[in-house]
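2 protein chains.
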Amino acid sequence: MLKFTFLGTSSGVPSLTRNVSGLAIQSGKSKDWILIDAGEGTQHRIQHAKLSLQHLKAICITHVHGDHCYGLLGLLASAGMNGRKSPIILIAPKQIQQWFDATCQLTELFLPYPIEFIDVNLIDQPYVLNEQMSIEPIALSHRVASYAYGITAIQTQRKLNIEKLNQLEIPKGKLWGDLQQGQDIEWNAQTIFNQDIIIQTTQHVYAIVGGDNDQPRLLADKCKDADVLIHETTYTQAVLDKVGPGPMHSSAKMVAEFAQDIQLPNLIATHLSPRYHDQAGVQAIQDEIAQYYQGLFFIANDFDQYELNAQGELSQLHSGKPWEK
Amino acid sequence: MLKFTFLGTSSGVPSLTRNVSGLAIQSGKSKDWILIDAGEGTQHRIQHAKLSLQHLKAICITHVHGDHCYGLLGLLASAGMNGRKSPIILIAPKQIQQWFDATCQLTELFLPYPIEFIDVNLIDQPYVLNEQMSIEPIALSHRVASYAYGITAIQTQRKLNIEKLNQLEIPKGKLWGDLQQGQDIEWNAQTIFNQDIIIQTTQHVYAIVGGDNDQPRLLADKCKDADVLIHETTYTQAVLDKVGPGPMHSSAKMVAEFAQDIQLPNLIATHLSPRYHDQAGVQAIQDEIAQYYQGLFFIANDFDQYELNAQGELSQLHSGKPWEK
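Top line first, the protein sequences correspond to chains A and B. Each residue of the first sequence is one higher than the one before, counting from 1 in full-length UniProt numbering. Each residue of the second sequence is one higher than the one before, counting from 1 in full-length UniProt numbering.
The set of hints was computed from the structure by calculation and includes no laboratory data. Among these hints, one or two may not hold up.
Stated by the list, open to error - Partial chain B-side listing against chain A, Cβ under 10 angstroms, derived:
1) E40
2) T42
3) H44
4) Q47
5) H48
6) L51
7) H55
8) D67
9) G74
10) A77
To be verified - Taking lysine-lysine and the DSSO-like style, the derived pairs with C-alpha atoms no more than 30 angstroms apart in a straight line are:
11) A:K94 - B:K50
12) B:K85 - A:K50
13) B:K85 - A:K242
14) B:K85 - A:K321
Yeah, the Cβ is synthetic: ideal placement off N, Cα and C, and Gly gets one too.
Construct the entire structure; sequences and hints are all you get.
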C-alpha cells in the first residue's frame, strides 16, 4: 500500500555513497507521490530513481536545517522549467515559507504553478491529501523545531456482491460493469441501487517518518498504531556518548530500545553520520539495533525501496547497497 | 598555468549526464582553487572530482539565477561541518549576500569561518586574490545583471645568473642556495645583493569565464588579451530563432562568429540546454561552432579537465564524455 524510496540517508553532509535527507512515498498503484525532506541534490536523486516531478503532490519538511531543505529551491525551480502547472502542497515550518519567498525575490525565481503552503505548526488534525493518503505532523525534540510525519494510507476496494446478483438473476456483462463503476441500474422494471450490490472494504496502514530527534519516546503514543517507524540513528551509542548531547540526535540503541519497548513491528533506520557510510559502519549500526530490538528492521541505503502491504508487512523491493556498486 | 575542471555544464536544469553550472580553476601547482558558480549539487561534483573544500579560496557567482547559485548554501555549510576555519572570499551580486544572510537566519546556519563578501558591481580594478591570481568582472547582457570573470594567472620564476656567479667565482653549494632563496650573501668581504644575481621572469595567461549572456561582443575588448574564452552556447541558432530572444542566451553560431572575428585562439563552449545532452545534440553544437570558427575549441562535458599552459596553449587533460560511461 505504501512504497518508500530513499533518496538520501546521510546526516549533515553528503558522501560519495549517501546523499542528505530525502524520502519519496507512493500510495497504492498511483503515480502520485509525496516527498519528505529535500536536502541538496534531491532533484538529482529523483531523476536517477525515475520519479516524475510532475506527479509530486506534496512536500513535507521536517525542520529547517540545510541537509533537510537546501534541495527544495532547485527542485521547485526545475518542476517549473519542466512546465508544471498544478500546485504543490508544502507542509513545513513557517521559516521555510519566508526563506522561499526571500529566494524568489532575491534570485528572481518565478514559478508557473502555485505553492500551497501549510504551516506545520498550525496543523491540529490529519491533513487529507486525497482519498489515498493523509498526513499528520508530530512534534519531536531537536536543536530547532522538528517534526515527524504520520502517513495514513487508505485503500478502498469495491466488490460486487455476486450472491445477490445471482439471486436477482442479473446477467453478467454490461449491467455488472455499470454497477462496478458506481451506477444504479434498471432491471426487471425496478431500480437496483449501487449501494445495495457493492461491498466496500477499506484498509489502512500507518507509517511514521521522523525528522531529527533525540527523544524517540515522543513518538510512543502515535507508534501504538504504526506499522513502520522510519527514524534517524545518527550514531552508535558509544559515539553519541563521546559527541555529547549537543547535536540532539538519537543513537541506534536509543531507537532500538524504544522500538522494543512499544513492540513496534517494523523499523527502518536512516540519517547515518558519514563515519558509518562504509560497510563496517553500517554493520555497527545494524549490530546495535539487533542487540536491543527483536522486530524486523532495515538500515536504509540510498535508492533502497521498501513496501508496506495492506497487512502492515514490510519488505524490501530493491537494495541500493552502495559498497557493492 | 591554469587548470579548469568542469563540474556542471547544463543550462537551467540538471540531467542524468550534466549538472547545472560550476567550474573549478586552479593556478599552477597550488592546491588552492577558485569556483565560478555553484549550481545545486556542486558540492557533490566537488567530492567526485576529488577537490578539497578546505583549499577553496574564492567563489565567484556570475548572476543570481538558481542554476548558478543554489548549490552555494550546502557547499558553505558542508565546509563548516568539515571544520573549515579560514575565510572564503565570495564575489557576487549583492543579492547573493542578502540571500545568504536570510538563509543563515531562517535555516539557523552558523558557519565557523568568515565569508568575505565583495559586491561584484563595486569592483573597479582586478581583485588580487594572491600572487598567482587576480580576478576582474566584466558586465554582460542577460535577464538579470550577469558577469564574466577575467582570470589572470601569474607565474614568476627566479633563476640564478650563472654567468655572473662564475665571474664572481662564487662556489656552488650553500651560497647559491641562499641566493636562490632570496637572501643577500657575504663573499670575499663584500655583500652580494640578491637582486643583482637573480633573473626574475614573469609569465601571464588570461582566461575569461562568461556567465549567461546574449551579447558575446560585450567581451570584445577584454578578449583581445584572452588566451581562452569559456562561454555559454545554450542553443543552436535554429533553436534560438524558434525560442526567441526572451531567455537572453547565446547560440553556438553567435559565439563562434564572435570568436572568429576577434581571432580568439581557444574557446570552450558550455551551458548546453538539456535538448543537446545526447551525443547528437553535442554534435549539433560542435558542427555549428566548426562552421563559423577556425580556432581550437572544445564542448565541455561534466568532469572534463583542460590546461592552459604558460604559452597560452589549451589542451584537454581528461574527458568526461558522459555517453561513453
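If you check each hint against the structure, which ones fail? Hints 6, 7, 11, 12, 14 contradicted; others consistent.
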